[in-house]
Structures are given as structure tokens and as C-alpha cells.
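Put the two chains together into one complex; each comes in its own frame, and the hints tell you how they fit.
So the protein lines, in turn, are chains A and B.
Take the first sequence: its position 39, counting from 1, is numbered 39 in our numbering, and each next residue is one higher.
Take the second sequence: its position 72, counting from 1, is numbered 72 in our numbering, and each next residue is one higher.
Among these hints, one or two may not hold up.
These stretches of chain B come out as covered by chain A in the derived footprint (C-beta under 8 Å, 3 or more residues) [as the list claims (entries may be wrong)]:
#, region
1, 67–73
2, 107–119
3, 188–198
Simulated crosslink set (DSSO-like; lysine-lysine; CA at most 30 Å straight-line) [stated by the list, open to error]:
#, chain 1, residue 1, chain 2, residue 2
4, A, K58, B, K203
5, A, K58, B, K36
6, B, K61, A, K22
7, A, K22, B, K207
Have a look at the derived ranges for each label pair, beta carbon to beta carbon [stated by the list, open to error]:
#, chain 1, residue 1, chain 2, residue 2, range
8, B, H10, A, W18, 46 to 54 Å
9, A, D67, B, K61, 37 to 45 Å
10, B, G111, A, S129, 15 to 23 Å
Everything labelled a hint here was simulated from the structure, so no lab data went into it.
Glycine residues also receive a C-beta, built at the ideal position from the N, C-alpha and C atoms.
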Amino acid sequence: MSTWEHKALNFINQTGRWDKDKHISSFLAFSISLVKNLTEADIALQLEFEDEETAKVKCASPLHLNDMVLNPEPIKKLLYTQGFKTIYWREIPPPKENVFKEILLALSSAIIIPVNTSPNNSLLILGWSEPPSFEPGFLECIETIRLRLKEILVQSQQQIYFQRIAVRFAAILHTIPHALVFINNDGFSGWVNQEGAALLGLSGPGEQLPAVLSDAMMQLRNKTLNLEAIDREAMHLFSSPENSISNWRWQMENKVLLVSCLPVTTQQISGRLWIFENGDQ
Amino acid sequence: MDIILRNNIHVTGNLESPQTLVFAHGFGIDQTSFSKVIPSFEHDYKIVLFDNVGGGKANIKAYSPKRYEAMNGYATDVADIIQALDLRQVTFVGHSVSGMTGMLTSIHYPGMIDKLVLLGSSPRYLNDPKDGYTGGFDHATLTSLFEAMEANYHAWAAGFSKVAMRNEDRPELAAAFAKTLNDIRPDIAIQVAKAIFYLDYRKELPKVTLPVLVVQTANDIAVPAVVSEYLEANIPNSRRTKVETEGHFPQISAPMEVVAAIQSFL
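Next up, chain B with everything else stripped away, as it sits in the complex (with noise of 0.2 Å):
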């Protein structure tokens, strides 16, 4: 399949620039969400977008539950989307599970990736109590979010954007998100949401030999302040910094705390 469809990819920005920002959305939204964040860097960079499979734009015939049962699966994605775009000195800009597939990533094709933004990010949400890791998770909340999902998904998902976006004073955010939520196929929602939330990369932390910023979010249902702290003690070569905006999608609610953070790391 072609990998321009499959992941309705688009470039713009500097196309001659030698540099190049990707940046990849999490679950339930898609490349738009970037749309505050990429004018400021419009004139020193290439810039990809794309949307996962399964989500956004991308070719709803390309998802296979088997191919993204895992993260691996869409981080093979974007190892084919470096390739097939030729594209060199890579910032890879990845929000919420995004940031983990950029980390695969660059684990598994190194030399692809060179600096990795972690936006929102969390190697595993599922607390730990056998190792002290605090996720943010318990078995229980899962179970119960997960039924919530299969039980009436629209429903779910009104709800669900709400806490996610928290920004209440501006409500027409939680409730774009909500739109972005709806579309997309229920199964594939709640296949791709328990990929994610019981997903567990904390021992690939220490193999990631690339400069990383890790973004902390606050107040945010998702990722609580210790993930970003247990992401910055555990990736070998990275730096932490916090966006002061409430809630899971800085790039939306604080676009230019977000610009000003990657700035800060190019």
C-alpha cells in the first residue's frame, strides 16, 4: 500500500531545509491537532505530518489488529515513512503514545531518528505497586474504562474528552476532541486504547541513546508528573521541562509553551 495514503502524509514548511520536525499525534485526535504549533517552525524546517492508522485520515483499509496489536507495529510505520520520504536529521515530535513508538523507533532502526520530543508521554499507565512504579492506572480503572467503552462508545467518549481536555473555561476543545473520538471506528478505538493503556516500554527507557526532551504535562487524566520524572531519571540522555496548561494536549490548549519548549531543545 502506499505509504503516502496509508498515513495521508503531508509536507510543508522549509521544503529545501536539511532539517526536519515529525510530529505524531496521539490517540483520538490527528496531524491537526499540530496546526498552533507548526507556523513557528514553517521557515527552518521540513515538517511531516500523518496520521496513525486507524485514526485521522489515514486509509481506514491499511489497519490490521494484528500489525497494531502493538506499538511496534506503528513504529515500523514510521521507520517507513523516514524511508520512503528520505528524510534526515529528524526531531521526532511524538505526543502521548506517539512519543513511544518515536522511541521504538529509534531503538529499532537507529540512525533514523536523531533528538525525540516526549509530549504527554508514559512508558506504561498501569501502576506497578510490585516495583513502586505509580502509573496513574489501576487494574480496576481500566477494566471499568474499558467496559465503559464497549458499553456505549459515544457516550465514553463524551465524557472522556472532557477530563482529558480539562481547559474548561474554553469547552469547545474537549468537544473537537470529541468529535476526532467519534470518528473513529468504535472497534478500533477500544483495540488500539488497550494496546495502549496496558502497554509497558519502561525496560527500552535506558536503550535510547538519542538527546530527549521530555514535555511534563499538569493536571493531565493520562500521564501524572511522576511518568515524566520516571521518563527523564530513566532515558540515559534526556532533560524534562513543564508546560504550565492543564490537561493531555499541550499542542492545543498552550501551543506556544509547547513551541517554546522544542525550541528550546533544537
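The shape of chain A in the complex, shown without the other chains (with noise of 0.2 Å):
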């Protein structure tokens, strides 16, 4: 095997093993740090087409240039021109055709390595003062490490996008004044929000299996002062998945809760919501 087929599977085999309790934000960061430290390049970074003005500086080694912004649409056609392959500077261009003049200071050779993903497409950025050989299997290295950056670099943008409407959504839904109670039909998971969580006495908000909420849900139903009567409607309610209920009076000691029943069907999820709220005396 020879030197770079063995960069290239140390490659592979490092970005396998990233620790995956870490942050996913420093997964990027670490893959383009290993790409420089196995090809010896003198600099490394992303650059990320955020919207149709802004080419940002990430994940950059040295880290001085983190966050510069560069002007997208000249790299653009550059990339256009190039048929969006990797793009080997032998010699850097002199700075009138050279668009990343900026981030290519002092150094004689560099790298492009456009990197497709939804949203925001990203360069690699790779630039050597003292230039490598361009032999084919240094060319070959590069291509599989290209290919290994897209699956990290979709990776990463996914957990991130997955994170951020996360903890957009738990935001809108604790904030909610109601009690929201979500069953999955899958009998594993379900959730609560805040005032949910306070109602059925449970230790926090968030998920939590549906046996947990099923008992801490009885207990709050054998509370009531109206029991054979919301039996009754229980009945009706779950003799079919479609059925639903809303302004469902438990009467409790001191107070009434209204109670909505709602089936949650998409193709992804199918369960029922509960709706709690503080109905008058």
C-alpha cells in the first residue's frame, strides 16, 4: 500500500472513530484538521456559501482567518468554470485570477475541494508554501478524502439543522401555558412539556416512555371527583384511533381541567396528544 492510499484509509479510519458524545460542531473542525496534518499543508479551512453575499472562513487552521467573508459569486464561477471538480493550483494564479487572494497569503500552491450539500455548499481549502508532488496517488487521496468530507460535512449540517428545530420546538411548546401530553403509539417514547410535567407530578419535562405517562395519567384520572363519568367517554374515545375529544371536563378537587384528546397521525408519527387547561370552578 502505498503512502497515500495509507493517508487515506488513516483518514477514513480516524473520522470513523470520532467520539460521537462530543459536539457535532468540532466533528468538521477535527476532519479538516486531519486532512492538514496528513498532507502537510500549511493552511486548511472551510468555506461556506451561507447566502447569495456571504463565503465564510471556518474551521480554519491557522485560526486567524476564521470568519472572514469572502464575496461568493467570482469563487462561484470559478467553481462554474472548473465543472465543480477539485481544482489543483501547481502555482497559485497571480492575484487578478486568483479569488481566494485573501486567504492564499505567502504560499505557492493550494487545493480547491468543492464539497456539494443542501443547504449551504462548502469549499476545502487546502494551500502549501513549499508545493507537494501532485502525484496521481496524492490525487487519488485527495478524491476519497473529498468524498469522506461530504458525508461528514452532510452529517454534521443534518445534526445541527436537527438540533437548532429541536430546540426551537421544545422552546414554542414549554412556553405553551397549556399541559401538552404527546403518547407515541410505538409504546416507547412520548413527551411532555413543562406544565405537563408539573401536572402529572413527573421528575422533568422532555421525553419520557409512554408507561411512565400512561400510570402518571391514571393517577391523575383516579383524582377526579368525576370518574365514572370520564370512563364513560373514555370508552367512546378509544374505540376507534381516529376519535377525539375536546372540552372534556375532570372535575378535580379545586379546580376543573379541560381536557382535549387529539389523534396524531403523519406518515412519520402516529399517536395521541393530550391537552390540559384550567376550565372554571
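The following block contains the structure:
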């Protein structure tokens, strides 16, 4: 096995063994740093196209290049003329033809690796003051790294996207003044908001096992003063998975709860959403 | 996008002069804030004026929350302007936050700027007790500032314009500042203000290799005197001069003092 094959394999192995307990944002930085070490580059960075006006430097080594803003348009033109393939600059072009002149200062050669992902495309840029050999094995290594980097970028971007969604919806659902309880039909997962956790006497909001939620709901129901009427309604409600109910009065000792129970049916998820709001006495 | 339109660029003065003065305004005002300073340099210098994107008459369509979430986006704009106009022998006069923009441009694009004037600038507005740094603001003050901006931007602008401008004997100055503040879209003003008040470019100061003039303002709500001293102490080739006028906008309240300071440096 050649040195460059070994390095490509090393990159795949090390990024495959990355500690998934660490925050995902460090995965890409770790991977780019690894590419820099394996290729003995003097600089390595990600350039992310954030919008039509912004291409921003990230995960840069050296660090001082981070957060620099470049104009995306001339860079996109260059990528387009090169068919979005890896660009190998054995010699860095003169400043007027070099759209990366501000980040490739005092370097003699560079490689620009386009990595197309959604929502934002990126480039990985490597630069050397002493040019590497650009032998076939080296080029193959770079192309292997490119494929693996795309997987890493997709994984990082997706996870960050989902984390943002989770944070946003949790914030919204915890702010709603009603107690919300969702019980998934899969039997393995359920969720309560802050008010729901307080109403059911649970240790905290968020993910809960359906068995825990069902037990807590039963205890709440057993505290009602109109249990027989509730049971009659419940028999009707659960006779069909499509049935729903709202303004269902649960008479507690010192208050009335107005309860809604709605089926939730989408392609990805099905279950029941319980909504408890305080009603008049 | 056309850079001339994007930044509402105006080139005046001696167009044949090999030397250029680029004036960059700070937050809440525009290029007209230098109108009383410009005449003193028109004979000897090509003069370039522009509006920062998000303010003045810059093209509002060019505003990108991503590009301008920190000063690096504005620094790229300055580099675009200097390259597009093929400017040489550039002295960059940056008021307030634009001083930091000019500084970043000089670091990221070596050779583009020859001299730098920092007029009422600060590398960090937030105090940093850990490092013994006084920026003038603590977290609680900034939180209240942004709460006030978000609650009622126009009411905030009316109040802030007075304390930032000072010169109570000339209320028309604060009124004019309030008007330019009110002309900014509130969501943009709040984003830009946050980017400014939470910036920290202290580590960049030693990287500046140009001759730098630090113009220190007096009784300035945004920049205490110790900040100017900090700039002078940390920028290798810098010297500091004071202007004897109160407030954050000496180019408006005491233009001839600013002219004298710049002339002493050129």
C-alpha cells in the first residue's frame, strides 16, 4: 500500500472513530485539521456559502483566518468554469486571477475541493508554501478525502439542523400555558412539556416512556371527582383511533381541567396528544 | 451587485491626486457626517465617501444578516471599494466601529491601506474584568440597551441620540442623529448594534503594521478615554491625540479639530 493510500485510509478510519459524544460542530473542525496534518498543508479551511452575499471561512488553521468574509460570486464562477471538480493549483495564479488571494497569502500551491451539500455548499481549501508532488497517488488520496468529507459535512449540517429544530420546538411547546402530553403509538416514546410534567408530578419535561406517562395519567384520572363519567367518555374515545374529544371536563378537588385528546397521524409518527387547560370551577 | 450602488459611493476632491482619503462613518449616521471635514482636504486628496450597508443610502437589498453579523463583512466591503476604484496611497479615516473595519481590512488585505485614523474607535465595548479591561459597558447595561431598542426603537433612538451626541447647547446635532437612526430599519439597527457592542478585536491590534492615529474623544458614552489609551498601547506604530469636544461625533461637533488632527498625521 502506498503512503497516500495509507493516508486516505487513515483519514477514513480516524473520522469513523470520532467520539460521537462530542458536539457535532467539532467533527468537521477535527476532520479538516486531520486533512491538514495528513497532507502536510500550511493552511486548511472550510469556506461555506452562507447566502448570496456571504462565503465565510470556518474551521481554519491558522485560526486568524476564521470568520473572514469573501464574495461568493467570483468563487462560484471559478467553480462553474472548472465543472465543480477539485481544482489543483500547482502554482497559485496572480492576484487578479486568484479569487482566494486574501486567504492564500505567501503560499505557492493550493487545492480547492468543492463539497456540494444542502442547504449550504462548501469548499475545503488547502495551501502549501512548499508545493507537494501532485503525483497520481496524492490526487487519488485527495479525491477519497473529498468523498468522506462530503459525508461528514452532510452529517454535521443535518445534526445541527435537527438540533436547532428540536431547540425551537421545545421552546415553543414549553412556553404554551397548557399541559401537553404526547404518547406515541410505538409504545417506546412520549413527550411532556413543562406544564405537563408539573401536572403529572413527573421529575421533568421532555422525553418520557409511554408506560411512565400512562401511569401518571391514570393517577391523575383517579384523583377526579367525576371518574365514572370520565370512564364512559373514555370508552367511546378509545373505540376508534380516529376519535377525538375536546372540552372534556375532569373535575378535580379544587379545579376543573378541560381536556382535549387528539389523534396525531403523519407518515412518520402516530399517537395521541393530550391537552389539559384550567377551566372554571 | 454593483459596488458603487451597494455602498452609495461618492468620489470628490482632487481626482488627479495620487493620494486618497477614504472616510467611513460609524453606526447610526452616514457619509454626510464628514461634510464639514471634507473641504479641508479637497484640494490635495481624492476623497472617497460611502455608506455602510444597512445605513445611509446604501442599497438595502445588499443587507445580509450573515455577511454583516460581524465586522468582517464590512471589511470585505472596504476591500471591494478600494479594489473597484483602484485606489492608491490610501489613508482610511474610520469613525467609531468603522475604525475597526479599516483595521481588519488592513490586516486581511495587506498593502491596500497605507495609514489608518481611528476616530472614537474601540476594540471592545464590553468590560472584561478578567483581563482588567475597561470598555465602558457591562453585560447588564448592554442587556438593558438591547431590551430598550427592541421594546421601542424610535423612543430609544430619541434618548440615545442625546447622550451620544452631547453638545446640549446645539440640540439640532442630536436631532439630526436621531433622524438618521430612525431612518435605519429597526431590525437591522438592532443586529448591527449587537455586532458592534459585542465585538472584541483586542487580539488584532498588535497585528496592525501601518502608522495609526488614535483620535480620542471626550466625555464619550461609547468610548471612555482609557480605551483610546489602550489602542495606543497595543497598536505598535500608533500615536494618540485628543479633540476637545464632548460626545461620540467630533467630526460633526468639532470638525476643524478633527481636520487639524488628521492633517498632523498625513
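Hint check results:
1. 67–73: holds (count 4)
2. 107–119: holds (count 3)
3. 188–198: With 0 residues closer than 8 Å to chain A, the region 188–198 of chain B misses the three-residue bar; violated.
4. K58/A with K203/B: At roughly 18 Å apart (the allowed maximum being 30 Å), K203/B and K58/A satisfy the hint.
5. K58/A with K36/B: violated (42 Å)
6. K61/B with K22/A: violated (39 Å)
7. K22/A with K207/B: violated (33 Å)
8. H10/B with W18/A: 46 to 54 Å: holds (53 Å)
9. D67/A with K61/B: 37 to 45 Å: About 24 Å separates the Cβ atoms of D67/A and K61/B, which means 37 to 45 Å is violated.
10. G111/B with S129/A: 15 to 23 Å: holds (19 Å)
The structure shown violates the earlier hints numbered 3, 5, 6, 7, 9.
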